[in-house]
Amino acid sequence: QMQLQESGPGLVKPSETLSLTCTVSGGSIISSSYYWGWVRQPPGKGLEWIGSIYYTGSTYYNPSLKSRVTISVDTSKIQFSLRLTSVTAADTAVYYCARRASGSGTPLGAFDIWGQGTMVTVSS
Amino acid sequence: QSALTQPASVSGSPGQSITISCTGTSSDVGGYNYVSWYQHHPGKAPKLMIYEVSNRPSGVSNRFSASKSGNTASLTISGLQTDDEADYYCSSYTSSSTYVFGTGTKVTVL
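Chain order of the listed sequences is G and B. Taking my numbering, I'd label the letters of the first sequence as residues 19 to 142. Taking my numbering, I'd label the letters of the second sequence as residues -18 to 91.
Because the hints were derived from the structure by calculation, they are not lab data. Treat the hints with caution; some may be incorrect.
Which chain B residues face chain G? A few, computed with CB under 7 angstroms, are given here [as the list claims (entries may be wrong)]:
#: 1; residue: Gly(-7)
#: 2; residue: Ser17
#: 3; residue: Phe45
#: 4; residue: Ser78
#: 5; residue: Phe82
Think about it this way: if two alpha-carbon atoms lie no more than 27 angstroms apart in a straight line, the pair counts; the simulated DSSO-like pairs of lysine-lysine are [as the list claims (entries may be wrong)]:
#: 6; chain 1: B; residue 1: Lys87; chain 2: G; residue 2: Lys31
#: 7; chain 1: B; residue 1: Lys25; chain 2: G; residue 2: Lys63
#: 8; chain 1: G; residue 1: Lys63; chain 2: B; residue 2: Lys28
#: 9; chain 1: B; residue 1: Lys25; chain 2: G; residue 2: Lys95
From chain B, some residues computed to sit far from chain G (all C-beta separations above 12 angstroms) [said to hold, decoys possible]:
#: 10; residue: Ser(-8)
#: 11; residue: Asp64
#: 12; residue: Gly83
The structure displayed is predicted, hence computed values, not measured ones. All C-beta atoms, glycine included, are put in the ideal place defined by N, C-alpha and C.
Same shape as in the complex, but just chain B (with noise of 0.2 angstroms):
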């Protein structure tokens, strides 16, 4: 299974408003609403931030929004600080009752 397509990196200003983009097929992102999105500062355990596509868990930002169209998810990061500054990927479920994680973004803040 190939890794689903994220954009190496994506920078913006504090309070500026970033989208990244997970693009995978038919048979993961675009045939499941199980795609969920993971923050991750080095050196520490990655923390989930949405699942099955748009929801928050509690305790996470309203900042944080996603969505999925077709066979691409995006995540929106609103009113960028910098502890936002961290490595995103996305994951999702596919047809051979497996997961796949995205190839990762690193977000700078600048």
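The shape of chain G in the complex, shown without the other chains (with noise of 0.2 angstroms):
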């Protein structure tokens, strides 16, 4: 059974850079029927699509925090991280990793496996 964990700090000063990792068990992330991404909730809010990457390293990011983010994959480590840079307290949330399915035979377009995610806090 595929799990997924999120590490990282849990507090970010105001224009720095956050730094999260999800580490994949129990599966490969290499796979062609998956890609690989991060989901967050801002407290009292609802859920918000960061971003994206293919094990081959290719990306998909929103476009409102495109300028902001990177996501890369160790295919060696079975991990992908999430950099968000000049934060601020809008980017207080719960950050969660997740498994996109996008091959045949897979729930297509669904995120069916997440991490149980973690809080991120941005204050000086």
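With the hints as a guide, bring the two chains together.
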């Protein structure tokens, strides 16, 4: 059973860079059937898609965050990461990593496996 | 990209049926059959309930059903149970090769 686990600092200062890692267990990140991505939920608000990456490194980002976001993948470590630069209080949120299905025989376009989420607070 | 529009809250008594709408545009919900629905209990990971408009993953109760008409997708929960009390989100693929979530609906079991 594949599992995803987020890790990273819970507190980031304004204007600095938020960095999170998602570790994949119980399966391979190298798959033609899935993308790997990030979703966040600010306190009291809804879910927001941040972006996704394919194991080859191809990326897709939310246009509203594109200038500040980088998602990368390390297939050897079975991890993928999120970097969000120049953070403000508006970036305070629970950050989830999630697997998105994209291949035949999978729930196409759906986020079928999620991590438990990690709270990141932006504050000085 | 703008979030898909969902009602802020929907409520029903145990055993009743409720329907949650998810309205987008022809560039997302109306243009693709990659609409999915998620159940989210606070403090837990979201759970996939419906994919490709109307398909249920293995293990999801058949009390959950969904459909789409034009730019609006809908999720119906029949035989409402107390465990169904949660936040529900729709999601859609978009013409920009991105994904967008709905604003979320809080389901209350009276």
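>> Of all the hints numbered above, which does this structure not satisfy? Sort the numbers upward.
In response: 1, 3, 6 and 12
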